[in-house]
Each structure stands twice: as C-alpha cells, then as structure tokens.
Amino acid sequence: MYKIVTKRCLNDSVTLMEIEAPHIARKAKAGQFIIFRVDEKGERIPLTIADYDREKGTVTIIFQIVGASTKLLNTLEEGDSILDFVGPLGVATHIDPNAKRVCVIGGGVGNAIAYPQAKALHNAGIQVDMIAGFRSKDIVILEDEMGAVSDHLYIMTDDGSYGEKGLVTNKLQQLIDAGNKYDEVIAIGPIIMMKFVAATTKPYGIKTLVSLNPIMVDGTGMCGGCRVKVGGQTKFACVDGPDFDGHEVDFDELMKRNTFYRERETTDKEHVCRLTGGKRNA
Amino acid sequence: MPNMSLKKVSMPEQEPNVRNKNFLEVATGYTEEMAVEEATRCLHCKNKPCVAGCPVNVHIPEFIAKVAARDFEGAYEEISLTNSLPAVCGRVCPQESQCEGKCVRGIKGEPVGIGRLERFVADWHMANGTEHIEKPKTNGHKVAIVGAGPSGLTCAGDLAKLGYEVTVFEAFHAAGGVLIYGIPEFRLPKSIVAQEVGKLEKMGVEIKPNMVIGKVDSVDELFEQGYEAVFIGSGAGLPSFMNIEGEDLLGVYSANEYLTRINLMKAYREGYDTPIAKSHSVAVVGGGNVAMDAARCAKRMGAENVYIVYRRSMEELPARAEEVHHAQEEGIIFKLLNNPVKILGDEKGRVSGMECVEMKLGEPDASGRRRPIAVEGSNFVLPVDTVIMSIGTSPNPLIRSTTTGLEANKHGCLIAKDNGATTKDGVFAGGDAVTGAATVILAMGAGKTAAEAIDEYIKSKN
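Order-wise, the sequence lines are chains A and B. For the first sequence, the working numbering assigns the number 1 to the initial residue and increments by one for each residue that follows. For the second sequence, the working numbering assigns the number 1 to the initial residue and increments by one for each residue that follows.
Hints are computed from structural coordinates only; laboratory data are not their basis. Some hints could be false.
[Unchecked claim] Result set (BS3-like, lysine-lysine): computed pairs, CA atoms no more than 30 Å apart in a straight line:
no., chain 1, residue 1, chain 2, residue 2
1, B, Lys342, A, Lys256
2, A, Lys71, A, Lys100
3, A, Lys71, A, Lys56
4, B, Lys342, A, Lys41
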C-alpha cells in the first residue's frame with residue numbers, strides 16, 4: 001500500500017497527490033512515469049512523474065479527472081492508500097548539456113509534466129522560455145512554480161480570459177519570428193497540441209521532444225499496447241519512451257489508438273453511484 | 001495384478017458448448033475412485049523411465065503407489081519432495097512429451113495419466129490435507145530472485161527449504177508470472193496459484209510486488225543491499241509482431257496484452273475496470289499454446305467466430321494436442337496453411353478484416369519443418385474485427401541493458417551454463433529469460449537447478 005501524503009486540488013478537474021514511495025523517489029528522474037492501481041478491481045493507469053522528493057521519500061503525481069480510474073483515485077483523501085504504485089518506468093528525458101536555450105511548452109494538465117522538465121533544465125543552468133496553454137483562466141495551474149523556473153513565462157488561454165488569447169503555437173511562432181533561437185523545444189500536452197508544435201518547429205529544424213501517453217497495461221514492454229509509430233518504425237512508449245522526436249511521431253495514429261476504449265468509458269461515466277459518490281463498495 | 005485397460009480413466013470435463021461461455025475450469029478433475037483406478041495402471045517399472053522424463057524428477061511410481069493405496073496425503077508428500085507447484089504442473093505440463101511420453105504403457109495403448117493423478121493429489125491435499133509448513137531455520141544468507149514466475153518461485157522455494165532468506169521481486173502487482181497473466185482461469189484457476197504462492201510465503205519467502213528490477217534497483221544494487229546471489233527469472237515477455245501493414249489498427253492485440261487484460265486484470269469479470277474489445281469475429285495468428293489460450297478466451301468473451309490462422313498444417317502446429325482438441329470442441333475454426341498479408345481497417349481506424357494468402361508446404365527448413373510457401377493469387381479477406389498476434393515472445397531487455405557484465409545471445413536470451421550461472425559472478429538465470437519462450441515445467445526445472453548452484457556458490461564463498 002502506498003500512502004497519500006498530500007492531496008491538493010489545482011482546479012476543478014486537476015488534482016495533485018504526493019505519494020509515499022521512497023524506493024521510487026530515490027530513483028525517479030524527469031520524464032519517467034509510474035503506474036498506479038487504486039484497488040483490486042482497478043485498471044493499471046500510467047502517469048508521468050510530476051515531481052519527487054528524495055528526502056521525504058515521496059513522488060508527486062498530477063492528474064486530470066477524465067476517466068473511471070482517475071475519478072476513483074480522486075475520491076481518496078490524505079492518509080488513504082493506493083494499492084499499487086510502480087516505477088520509475090520509461091527512459092528519463094535526456095538533457096543536452098550543450099543546450100543554451102530551450103522552449104518548454106505545456107498544454108492543460110500537461111503543464112504538470114512540462115514544469116519538472118523546465119525545472120530540470122533551469123537547474124542545469126539552461127535558459128528556459130515557457131509557454132503554458134490553458135482553455136481558460138479558471139484552469140490555470142502551477143503559475144508560480146513555472147514562473148520560478150523559467151526566464152520568460154507566457155500564459156496563453158483559448159478564450160483570452162487570462163494571459164494572452166491564442167494557442168501555444170501562435171506564441172511559439174511569434175517568438176521564433178522575433179528572432180529567438182532555441183536549441184530544443186519540449187512539448188507536453190494534448191496529442192493535437194504536440195502535433196502542431198512539431199509542425200511549427202519543423203521548417204526551422206528545431207529539435208522537438210514530445211512526451212506521449214498511450215494506452216498501456218504493464219509498462220515494462222510486455223503487452224505492446226502502447227506501440228506508436230516513430231520514423232516509420234513501431235516503438236513501445238513504455239520502454240523506448242515516453243519521450244520521442246516530435247518530427248518523427250505519427251500523431252494521427254496515436255490519436256486514433258487512444259480513443260479505443262472511449263465508448264465504453266463514456267457509457268460507464270454516465271452512472272455515478274449515489275450511495276457511494278463514486279467510491280467503490282467495500 | 002495391474003489394471004491392464006489400454007485407456008486412461010477419462011477426465012470429467014464441462015460440455016464444450018457450456019464451457020465456451022464461462023471461465024470455469026474445463027477439466028473438473030478425478031474423483032477418488034477414478035484416481036485409484038488410474039493409479040493401478042502403473043506397472044512400477046524398475047528403471048522408472050517416467051521420472052527421467054520429468055524436469056523436476058517427481059517420484060512418479062512412488063506417489064502413484066500411494067494413490068493406489070488411498071494414501072493421498074502420503075502421495076502429496078512424495079510429490080512435494082521435488083516439486084513445489086504440483087497443482088500447477090498437473091494441469092499445464094506437456095506430459096505427453098515428458099513423463100507420459102516415456103511411460104511403457106504408452107507403447108501399446110495410452111500411458112498412465114500421470115498428470116491427472118498429480119493434479120488429483122494436489123487438489124485432494126488442498127481440500128483435505130493438513131498443512132503444517134514450518135519456516136526453516138535461517139542460515140543467515142540472503143538471495144534475491146527477480147521475477148515471480150515458475151522459475152523464480154521454484155528457485156525461491158528450494159532455497160527457502162535450505163534456510164536462505166529469499167526475497168522475490170516482481171514487476172506486476174501479483175506473483176505468478178505467466179501462471180497469472182498468461183494461462184487462463186479455465187486451464188489454471190488463479191486461486192491455485194495464490195495458494196502455492198501462499199505456501200512459499202509461509203516458508204519465509206518474501207514477495208515484493210511492484211518492483212521493476214533494472215528500473216527501481218539494479219542487479220548491482222541488490223548485491224549492495226546484502227544479497228549474496230541473484231537469480232534472474234524475468235521471462236520472455238516482449239511480444240513479437242509480424243510487421244505487416246495494419247498492425248497498429250484498433251483491435252490488433254498482442255496475445256500478451258489480450259491475455260493480460262483478461263487473466264491478470266480480470267476483464268472477463270463484472271465489476272473490474274480494465275476494458276477489452278467486444279469482438280464479433282477474431283483472428284488469432286499463430287499455432288502455439290498461447291494462441292489456443294487467446295482463441296478460447298475470445299470465444300468465452302462472446303465472439304461469434306474465432307479463427308486460428310496458422311501458416312503450416314496441423315502436423316506442424318506446435319500447441320499441445322489436448323489444447324487443440326479442446327479448442328476444436330469449443331468451436332474454434334482452424335484456418336491452416338494460411339498466412340496474414342495485411343490487416344484492413346475502416347475509416348475510424350478499426351480492424352475490418354485480415355487479408356490472408358494460402359500456403360503450401362515445401363522442403364524442410366532449418367527447423368526441420370516443411371517450409372510454408374505462399375500460393376500466388378490465392379489472397380482472400382477474412383472478415384474479422386479483432387486480430388490477436390500470437391507469434392512468439394522474446395526476453396525483456398530491461399535487466400540485461402541495466403546490468404554490466406551480463407551477456408546475452410543475439411536473440412536477447414541471457415547466456416547461462418547448465419547450472420544457471422551467467423557471465424556475471426553471483427548472478428544466475430533460468431526459464432524463458434535464458435531459453436526464450438518455453439514451458440512452465442522447463443522453467444521450474446531451471447529454477448531448481450539454479451537453487452542448487454546458488455547454494456554451492458554461497459557455501460563456497462563462506
């Protein structure tokens with residue numbers, strides 16, 4: 001059992017949890033992920049590690065309440081425990097020691113993962129520009145944290161209710177047009193956002209790293225459910241990734257693959273048990 | 001006077017048309033009377049050819065004699081001397097090519113039903129036996145086992161009996177390896193695996209789930225933590241695909257994924273969250289035991305048509321005859337001498353069919369089997385909405401890629417001597433991680449041999 005040490009609602013649909021897992025905290029690096037299973041009947045769900053504290057022995061996850069399992073996880077409170085928590089899985093993000101300036105782009109809850117990347121780069125002495133995109137003001141998360149680790153933080157909202165109105169790619173294009181030179185762009189967020197960031201940087205030949213979140217079961221290369229096409233070759237995101245060269249990823253295929261179980265999820269979602277409020281019957 | 005019947009006492013089974021709609025065990029097991037009757041077929045040969053055919057040297061004639069004498073608990077004790085997972089072996093061992101394959105009764109008629117008797121004895125013990133497992137006195141030496149599958153559990157059990165303090169690190173959330181994620185409930189009930197694992201725990205074996213060695217701790221770090229030897233039984237978990245067009249469509253699974261969702265994650269049971277495709281027509285590509293398991297699971301999940309698509313003929317099909325027979329009875333359709341060419345999809349990217357080509361057999365190839373050759377112009381489309389690739393697996397590179405000094409061959413299999421010793425001092429390995437995909441019992445045999453070698457190794461150092 002893995003204890004929830006801290007629980008914090010970042011907005012209506014995004015929650016932060018610090019989980020007690022000293023052996024994982026000891027090894028975790030930016031870009032890696034964990035798999036959790038809330039209880040005996042739960043699914044195994046991968047989440048990228050948002051932060052870790054080696055001394056406290058905790059791993060931080062930030063998740064959007066989108067499906068049955070994240071909803072169930074969100075019913076737990078501080079002091080409760082999760083049945084299974086395994087990691088750190090996947091390959092850590094490779095930080096190029098020669099990079100001087102990197103643009104980190106996050107979309108929605110993806111900012112929770114973009115933030116530790118920015119932090120790692122910042123701590124390595126690399127200049128960081130960060131573009132954080134949200135739908136609207138009420139779902140902005142981690143603004144102070146992101147501000148602290150970036151040289152420039154640009155907040156973009158779809159409706160203009162906060163920061164600047166527009167997409168992250170509008171801002172990226174603007175920065176490139178203004179003559180800013182980036183050694184690398186790191187994009188983490190909805191697949192469609194990562195696809196368009198990669199399309200924006202491609203003409204300029206800027207190395208672009210994306211972090212993928214396909215469907216997976218075991219996270220160790222065993223099921224092959226997470227396969228993605230990268231540069232025409234099939235890769236397993238769990239062991240070969242989750243980071244890949246954005247210019248090589250077949251985003252359209254990934255988008256389709258991630259919808260596979262959505263119909264079932266949608267029908268399941270309509271029912272919320274009024275007796276338990278979504279908690280599982282013991 | 002032995003019972004000279006040429007046939008085994010037949011095994012009671014669920015009716016094919018009933019069982020292909022449920023996940024309960026297919027074969028329901030011998031009664032006491034049946035077991036005693038079958039046991040009297042054993043001739044008690046002096047040279048015991050059956051024992052020579054068993055990778056863990058079960059004392060076969062001895063336990064069968066005790067069954068015949070109705071001393072079922074005694075029979076269990078006899079088996080337990082060399083086999084730590086009898087209820088499992090009695091169900092999933094390929095006895096026809098091992099103990100029973102060597103039985104002299106098989107020369108004229110059917111061999112003694114050794115597997116059925118072993119299962120009976122193990123089940124009888126679970127239902128009626130008195131378990132008095134004592135934790136052996138510790139010898140103060142620690143051994144780490146990586147992987148809680150058949151080889152790791154066997155190695156752990158044997159070392160624990162010798163007094164070692166054994167910790168088993170398992171990547172999944174539960175112990176059992178292929179016994180729980182791969183082999184379906186209807187062939188091997190998971191409660192049996194759990195009981196066998198429970199026995200090991202009572203013997204003092206510590207099982208740590210959710211530990212991916214190579215990621216959370218490396219093999220070298222295990223030594224730093226005070227383990228004096230490490231056994232690697234991490235299996236052959238990496239699924240192969242055919243690399244044909246359409247394999248990334250929605251509804252294409254590896255057999256590993258399909259079986260794991262159903263068996264480990266219980267997608268077949270109400271109330272469990274793990275989703276799985278609701279299929280109407282399923283093509284399982286491959287002809288091994290795993291393919292049979294996947295096909296029979298698909299049928300039980302409600303698929304109307306389930307096909308085994310295999311590129312050679314029934315003669316070359318590698319699955320056990322019993323599994324093929326059960327699959328056929330349950331309505332699985334065998335499309336032999338057919339090979340997939342590409343998988344077709346609809347506008348949503350979902351599987352809508354699989355194009356196959358007919359094959360004929362040519363000259364024998366390196367494997368000694370006749371090489372399948374495509375018949376030009378014979379292409380046709382099999383209308384399916386799900387494709388399950390079951391064409392083999394290879395060892396997971398997670399450990400060898402994070403452990404210096406551990407060498408593997410070109411197939412990714414760890415290089416190990418007959419006693420399990422790898423190229424790295426103090427590291428032993430066995431099971432599919434060394435051999436590539438093989439059987440449960442061979443993995444158990446390797447775990448057993450390695451346990452002896454580890455014992456010698458540690459003694460020699462102290």
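Results of checking the hints against the structure:
| no. | hint | verdict |
| --- | --- | --- |
| 1 | B:Lys342 <-> A:Lys256 | 19 Å, holds |
| 2 | A:Lys71 <-> A:Lys100 | 40 Å, violated |
| 3 | A:Lys71 <-> A:Lys56 | 27 Å, holds |
| 4 | B:Lys342 <-> A:Lys41 | 36 Å, violated |
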